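First to last, the sequence lines map onto chains A and B.
Letter by letter, the first sequence follows residues 1 to 819 in the working numbering.
Letter by letter, the second sequence follows residues 820 to 1312 in the working numbering.
If you are wondering where the hints come from, they were derived from the structure by calculation, not from laboratory data.
Careful: at least some of the hints might be erroneous.
As the list claims (entries may be wrong) - The calculated DMTMM-like cross-link candidates involving lysine to aspartate or glutamate, where the alpha carbons are at most 25 Å apart (straight line), are:
| no. | chain 1 | residue 1 | chain 2 | residue 2 |
| --- | --- | --- | --- | --- |
| 1 | A | LYS146 | B | ASP920 |
| 2 | A | LYS146 | B | ASP1050 |
| 3 | A | LYS53 | B | ASP992 |
| 4 | A | LYS153 | B | GLU1063 |
| 5 | A | LYS706 | B | GLU1054 |
| 6 | B | LYS1060 | A | GLU154 |
| 7 | A | LYS53 | B | ASP909 |
| 8 | A | LYS153 | A | ASP709 |
| 9 | A | LYS153 | B | ASP1050 |
| 10 | A | LYS706 | B | ASP1272 |
| 11 | A | LYS146 | B | ASP1064 |
| 12 | A | LYS710 | B | ASP909 |
| 13 | A | LYS146 | B | GLU1278 |
| 14 | A | LYS53 | B | ASP985 |
| 15 | B | LYS1060 | A | GLU600 |
| 16 | A | LYS153 | B | ASP1064 |
| 17 | A | LYS710 | B | ASP920 |
| 18 | A | LYS153 | B | GLU903 |
| 19 | A | LYS53 | B | ASP920 |
| 20 | A | LYS706 | B | ASP1050 |
| 21 | A | LYS153 | A | ASP188 |
| 22 | A | LYS146 | B | GLU1001 |
| 23 | B | LYS1060 | A | ASP63 |
| 24 | A | LYS53 | B | GLU903 |
| 25 | A | LYS53 | B | ASP982 |
| 26 | A | LYS706 | B | GLU1278 |
| 27 | A | LYS53 | B | ASP975 |
| 28 | B | LYS1060 | A | GLU158 |
| 29 | B | LYS1060 | A | GLU227 |
| 30 | B | LYS1060 | B | ASP1078 |
Keep in mind the model is a prediction, meaning the values are calculated, not measured.
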Amino acid sequence: MRTLTDISRDSAKARREQQDANKGDGPLARDTTAEANRDENRRHARAHESAIKHVTGRAAYIDDIPAPGDALHVALGLSPVAHGRLTRLDLERVKRAPGVVDAITIVDVPGHTDIGPVFPGDPLFVDDEISYVGQTLFAVAATSYKAARLAVKEAVIEIDEQPASLDALAAAEASDVVRPTHVQQRGDWQRALDDAPHVLEGEQFVGGQEHFYLEGQACLVTPSEDEGVVVYTSNQHPSETQKLVAEVLDVPFHAVTVETRRMGGGFGGKETQASPWACIAALVARRTGRAARLRLPRAEDTRATGKRHPFHNRYRLGFDGRGVIQGGDVTVIGDCGYSPDLSEAVVDRAMFHADNAYSLGDARVTGIRARTHTASNTAFRGFGGPQGMMIVEAAMDDIARHVGEDPLTVRKRNLYRPGRDVTHYGQTVEQLDLLAEIIERLEESSDYWQRRRDVSDYNARNPVLKKGLSLTPVKFGISFTAKHLNQAGALLHVYTDGSVMINHGGTEMGQGLHTKVCQVAARELGLDLEQVRITATRTDKVPNTSPTAASSGADLNGMAARDAASQVRERLFDFAAEHYALDREGMRLEDGELIAGHGESERRIAWGELVQAAYLGRISLSAKGFYSTPLIHYDRATGRGRPFYYYAHGAAVSEVMIDTLTGEYRVTRVDILHDVGDSLNPAIDMGQVEGGFIQGMGWLTSEELKWDDKGRLISDGPSTYKIPAFGDLPPVFNVELLQGHPNSQASIYRSKAVGEPPLMLGISVWSALRDALASLVDYRHCPRLDTPATPERVLMVAEALRDSTRAGSTQPETSDDPV
Amino acid sequence: MIDFYLNGRRQQCADVSPDTSVLELLRLRLGQTGTKEGCASGDCGACTVAIGEPDGRGNLSYHSANACIMPAHQLKGRHLVTVEGLARGDALHPAQAAMVDCHASQCGFCTPGIVMSLFTLHQGQRQHPAPLTQQRLESALGGNLCRCTGYRPIRDAALCMADYPDTHPLWADDPDLAGNVEALDRDATTIPARSSPGKAVGHFDSPTDIATLRELRKERPGSRLVAGATDLWLETTQQLKPLEDLIDVRQVAELTTIDETPAGFWIGAAVTFSRLEPLFAEHYPAFAHLMHRFASAQIRNRATLGGNVANASPIGDTPPVLLALDARLQLDGPGGPREIAIADFFLDYRKTALKEGEFLRALFLPRLDNDRQLKVWKLSKRREDDISAVLGAFAWRLEDGKMRDVHLAFGGMAAIPKRAAQAEAALEGQAPGQPAFTTALAALYREFQPLSDVRGSREYRLLAAGNLLERLRLCLDTDHEPHAEVCLDAYAH
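Generate the whole structure from the sequences, applying the supplied hints.
Right, dumping it as structure tokens:
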């Protein structure tokens, strides 16, 4: 028996909205019990969609894709000097070398020669001026990888070498910048400084970071039958590569298709800097009519591509007797390398995060984009945010020692709170209690105060080994600060066997985006995850996409996928209501069935049957979804706005033990509590939190970029550039996702972005190292510790502190400057 | 012709040039792309494979190796196992299943290498079960870099894979496999080692006795000796230098033996570090401890003590230890064997006392008698799998409260591994207290002028080397508070 009630569309819509709100999608957050959350967690903690392919070696990366037998291999001729004029480039011997088919320079480019992603400044090949060691001079295509690389050595290159600018500070002082300086300001910062009872100033150098994606830059380009190409590339931004390849070839965008199935790591390094190689290989493919493969050997990859920006930061902050900041002045100087690339936005993000979790009061934040003759620094997980946070975290430790409080106490006092909830760029901080709660819970679970006492006791007893402890929070703004990038598309097909294909504009670099998007589609259609398959990101499936960056992948593409799935679902509901004469209201897709009605009148139709019937009923089973983030805006002219849809939060407590004779140290225990809202996939989110923390720790500890005095990067591979290894995993590593706090904004199922924020949890390790060093002067002040805090840097600081106590006086790095 | 087994199936590859790596053979020739190239320098482990070697008892024993820097010709008579060869149809090997269940892959590019390191650990556990201590895990996985996960789930996978049903690869069902591989090995070594160059350019010879080795060296003065290839191979992968004329010393009987004598141990130059680990653990604990930080398992399984010494790098880790121990070297060549002290071996930057056609045959390590102490302290940016900025190896004995026979040897402080003669003199015959060490420290600062490079500045090297002396003083200082720790457990011994 079934009930047929004529319910109007509107009320059905209202019902659905109510249902959605219950699922965490309405305008208001809901309270969830931890118990219910745990069940949800288990349900959503699905394995990475490629996990089995990963462990069996079947997951194909660019260099694993079979190419036609006559495919060419491309190798690059890179500049050996940092600055100069290219006076002669003779490739005659290169062209005669065994196996060589083609050799190209800038004169062989039919279209655009500048491939700057946002602003001009990145020549595909050097024309005249050489700007860094590793800049591309020419390319060689040969029948094998080795033949191409050997042929490169045959080039005759003459360069009129000129002095290289390698000092970002000097460049900043000389106003040698890649983009104009930007200022954010709130209130009368000068007056706040004048009126503050205490003023401290400090300075720091924060080192850069090599992405060290395990799969280096790589692409395979095949010529198409018309004037274009198909590009297979390890790439975070296929649409931009499509645009640049088309412009370089001088063909319309529709002649170029770019495909990315997966990357062997990206971390920002393949956002803009995967394109040049695709452009070069595309040129070769068009010129020769043969497929062209280009992959950079590790050392060339490391030299040719940009890194996380090194920063020089300064602060001058006024605070009261309790260490609460009243206002002040912060300057962040990003070393951008030779061209703008993404540096405008990177330094902006450093500025947006110069407050981290703390109100700066009436403050001015200035961002300078210094130009140096090094590779153009680029996106790297956090995108300047981590470097900006470093200065305020340094200030927290400095202020705490100055007022004689535990740094955690001072950090807590400075958190955004009611009355102090507006940032220096004018955004009002929501979820004000969240960070305080995270810190409080972490204090307790990590036993912070007891361990603080233990650390002090230990340090009093041990002259050589010293322990350090620190809790640092993270508040990270989520959204692209370039507003137009906050959009996404998806394409969903239901085939007549009921299987579902989902495609979207985001790219998979290991972060589990494809898994999450499959989960969204499956959830919307009430299907098993196994029935949903994702296909490679392709510019001819979903066009005009944004880079997979800014932690936005799941927020944007998950929403677009949801939009596509819900369109198909609604069509199926409409069809089913009519075809099966069912009650449209309350219709739902669950466990592979369409369910209509309740109780006695419930009617179930299997998904496969429904899809077949809909197909025969001539219902479209395909939809494209779209999403754009609401609410956000930022006015660069005034330096004010709401650039972020919401903030993601977290905190970490790290304990270290240093050897003050050698500078070596161990991270002995780490406790983390991190906010991902209602997790889309707790297993994947946990992986992002842990992996992000370790990567952040590596950035601040062992990963040291070193250039010689000629501007040549000498840490250009894993034997000299040391990312964390297995043994660097802290022996005690307690990581938890915060439960019961859905996103206050209507993000996809009230989840929060998780790609970048956890990286900054690693700052706690650096702060703990400073804490350990401060013990050498009885915590009277906190020494400056530039990063990466290698054993060498730790030893040198320890030695200086010991010298200062031997001399009978302490020379604080930061000077009290009453006005 | 390279005749070997790949994932249980016989492979015969003809016309392989001598400079071809196992990785190139797999990916370019055999189309097996599961094994990845991350760095082509043996540092990241993405290319890790397992090499099955007849153990002489009718079984194959598996160890991990970096395919990117292993000569393909050294596959002769071996069973090469890659990530493609572990699953049994759809049933995953425990190493794979545990990785999936622990969410231990993210981008997946390092995963094949990690799976192979776990596979060798799993095999090792089956043959010689032992507790999976942190040290053992670090030893098994320290050579596999992962940029995504932060290693926690990988550690979990390593810890739980033993709980999975022991799904064997299909090839493990073949009762004849070990015998067949061993038969190839016999063929490879009993056939006269002189390979015919064939169509491929160059030579890759694998002599089995020292007479043939001497003769080959004489005949082909331009030839290069190769054992583990862990440094040599970088010349081709990183610098694209030709390696066309190679003599593999790993099969030479006289170079692969360990002879115990009352005075010490004669160790063949081609003995790998993995083989030496039990000996070091029993007789030279400080040396054994260094092994954990010396290099990854993949490298220790292939690199040889002779190679590390004859390579004569100023930052090689074992030469300072051997200097501290007063090791002796047996050189061999056209003029027959001769013996020299290791202190006389290193002449200048990468220059040794080896004459043309000579090679290092064996090394003699004197026993540490009861009262002789050895300390080995390595300083590097990263604890595992990193090259030393400074390495200090100190040996001495205490006689009536005085230091005797003091040896202070350093790596990374000069163009060659070198003893600090003046600092030694300052301590010799002195009580190990502040006065003697102050003099020694001043002497040390005088006698070394280290360089600044990517691993450390001149100032750091000098300061840290001096502080290692201070650490030594604290270790010897009987007045020092006994409960106060002077160095991090994980770092020093």
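Evaluated hints:
{"no.": "1", "hint": "A:LYS146 - B:ASP920", "result": "39 Å, violated"}
{"no.": "2", "hint": "A:LYS146 - B:ASP1050", "result": "20 Å, holds"}
{"no.": "3", "hint": "A:LYS53 - B:ASP992", "result": "24 Å, holds"}
{"no.": "4", "hint": "A:LYS153 - B:GLU1063", "result": "19 Å, holds"}
{"no.": "5", "hint": "A:LYS706 - B:GLU1054", "result": "23 Å, holds"}
{"no.": "6", "hint": "B:LYS1060 - A:GLU154", "result": "14 Å, holds"}
{"no.": "7", "hint": "A:LYS53 - B:ASP909", "result": "11 Å, holds"}
{"no.": "8", "hint": "A:LYS153 - A:ASP709", "result": "24 Å, holds"}
{"no.": "9", "hint": "A:LYS153 - B:ASP1050", "result": "22 Å, holds"}
{"no.": "10", "hint": "A:LYS706 - B:ASP1272", "result": "9 Å, holds"}
{"no.": "11", "hint": "A:LYS146 - B:ASP1064", "result": "18 Å, holds"}
{"no.": "12", "hint": "A:LYS710 - B:ASP909", "result": "54 Å, violated"}
{"no.": "13", "hint": "A:LYS146 - B:GLU1278", "result": "41 Å, violated"}
{"no.": "14", "hint": "A:LYS53 - B:ASP985", "result": "20 Å, holds"}
{"no.": "15", "hint": "B:LYS1060 - A:GLU600", "result": "81 Å, violated"}
{"no.": "16", "hint": "A:LYS153 - B:ASP1064", "result": "22 Å, holds"}
{"no.": "17", "hint": "A:LYS710 - B:ASP920", "result": "49 Å, violated"}
{"no.": "18", "hint": "A:LYS153 - B:GLU903", "result": "36 Å, violated"}
{"no.": "19", "hint": "A:LYS53 - B:ASP920", "result": "13 Å, holds"}
{"no.": "20", "hint": "A:LYS706 - B:ASP1050", "result": "23 Å, holds"}
{"no.": "21", "hint": "A:LYS153 - A:ASP188", "result": "60 Å, violated"}
{"no.": "22", "hint": "A:LYS146 - B:GLU1001", "result": "34 Å, violated"}
{"no.": "23", "hint": "B:LYS1060 - A:ASP63", "result": "23 Å, holds"}
{"no.": "24", "hint": "A:LYS53 - B:GLU903", "result": "10 Å, holds"}
{"no.": "25", "hint": "A:LYS53 - B:ASP982", "result": "22 Å, holds"}
{"no.": "26", "hint": "A:LYS706 - B:GLU1278", "result": "16 Å, holds"}
{"no.": "27", "hint": "A:LYS53 - B:ASP975", "result": "20 Å, holds"}
{"no.": "28", "hint": "B:LYS1060 - A:GLU158", "result": "23 Å, holds"}
{"no.": "29", "hint": "B:LYS1060 - A:GLU227", "result": "39 Å, violated"}
{"no.": "30", "hint": "B:LYS1060 - B:ASP1078", "result": "37 Å, violated"}
When each numbered hint is compared with the structure, violations occur for hints 1, 12, 13, 15, 17, 18, 21, 22, 29, 30.
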